[in-house]
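Asker: This is what each chain is made of:
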Amino acid sequence: MKNVGIIRFPGSLDDKDVIKAIKYIGCSYTILKHTDTSINNIDCVIIPGGFTYGDYLRCGAIASKTLIMRTLYKVASSTDIPILGICNGFQILCETALLPGILRQNKNSKFICNEQNISVNILNNQYWLSFIDDMHIKLPLKSGYGMYYIDNNSLNALIDNKQNIFTYINNPNGSLNSIAGIINRRGNILGIMPHPEYAIDYRYHCSIDGLKIFLSILRM
Amino acid sequence: MRVTIIITPKSDVYDPEGMAVCKSLIENYNLMNITSVTKGKIFVINVNGDKDDEKLIDTLHNTAKSFLSNPIIEEYKLIIE
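The listed protein sequences correspond, in order, to chains A and B. One rule links them: number in our numbering = place in the first sequence (from 1) + 16. One rule links them: number in our numbering = place in the second sequence (from 1) + 59.
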């Protein structure tokens, strides 16, 4: 059975829904605390959304300097451990420099909470997209600081390397090139602004496309 | 000594908060001459040390550059008193 490490910081919010999703696909999980200094017997790591450390300084900035993130950075530098950062988790991955760029305040300054149609630009990602078979998915977005930003040269490199894995169909927050999610160059680290853990069950959610992302853990 | 670190968005980076304040100043205070507003942050840090201590000053610069600001969107100024 795959064991998923879920990092919980002070101010993490969506960890409970990530746990539900992990249970739903029949995996076990281990909670990793912000003070932990080892990542053992973990097949992949998920950093859920929320408002870690009150979003003080910049979203994800304080969390990125914690012991667990320093440990994760070291592990990710020497292995291909799959890592998924959702919303605030994506912001933390950017601040940790495991992913390029930064998430800034939405262009219209409004908190956005709705369903988004998302285009899948790269289908052959073996880590996180092994169950996604459609070029279009639907996931809910709920964030105030979701505008993806990066300097021009790095943006070109990102596109050349096919790292802009998810883009919004109708860019809601002013993200450069409508970017909703990116991967690192090796493809094992995924940061995504919309929430796959809220797209698991048709009875309550707008789609089950999030479930397909979590199911890929079974094939890792 | 007292170290003041001023963080501001880079001039070519879109600043929605600064623009909202700018719009409010123009609309609510009739300050028609305002052309732009930039919103930043100030950190005032009291440190036991000397401004000739190069290692300490280097550490402060490093902290300002890699933690208190994000060089993708922000720039910083460090004032030592």
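Hint data in this document are derived by calculation from the structure and do not stem from the laboratory. The beta carbon of each residue, even a glycine, is placed where N, CA and C say it ideally should be. Some clues are possibly wrong.
[Stated by the list, open to error] A few chain B residues that don't get close to chain A, going by computed Cβ distances all over 12 Å:
id, residue
1, ASN105
2, LYS110
3, ILE131
[Said to hold, decoys possible] Okay, the calculated bits of chain B under chain A, using three or more residues with CB under 8 Å as the criterion:
id, stretch
4, 71-82
5, 119-130
[To be verified] No more than 20 Å apart at the CA atoms, straight line, and that leaves these computed lysine to aspartate or glutamate pairs for EDC-like:
id, chain 1, residue 1, chain 2, residue 2
6, B, LYS69, A, ASP96
7, A, LYS18, A, ASP71
8, B, LYS124, A, ASP71
9, A, LYS81, B, GLU133
10, A, LYS81, B, ASP117
11, B, LYS98, A, ASP96
12, B, LYS124, A, ASP96
13, A, LYS123, B, ASP117
Asker: Does each hint hold? Answer for all of them.
Answerer: Status of each hint after checking the structure:
1. ASN105: holds, 19 Å
2. LYS110: For LYS110(B), whose nearest Cβ neighbour in chain A is about 25 Å away, the distance exceeds 12 Å, so it holds.
3. ILE131: Violated, since 5 Å does not exceed 12 Å.
4. 71-82: holds (count 5)
5. 119-130: holds (count 3)
6. LYS69(B) - ASP96(A): violated, 35 Å
7. LYS18(A) - ASP71(A): Violated, at roughly 31 Å.
8. LYS124(B) - ASP71(A): Given pair LYS124(B), ASP71(A) holds - Cα atoms ~19 Å apart, limit 20 Å.
9. LYS81(A) - GLU133(B): holds, 18 Å
10. LYS81(A) - ASP117(B): Holds, at roughly 19 Å.
11. LYS98(B) - ASP96(A): violated, 39 Å
12. LYS124(B) - ASP96(A): violated, 29 Å
13. LYS123(A) - ASP117(B): Roughly 35 Å between the alpha carbons, so the hint for LYS123(A) and ASP117(B) is violated.
Checked against the numbered hints given earlier, this structure breaks hints 3, 6, 7, 11, 12, 13; the rest are met.
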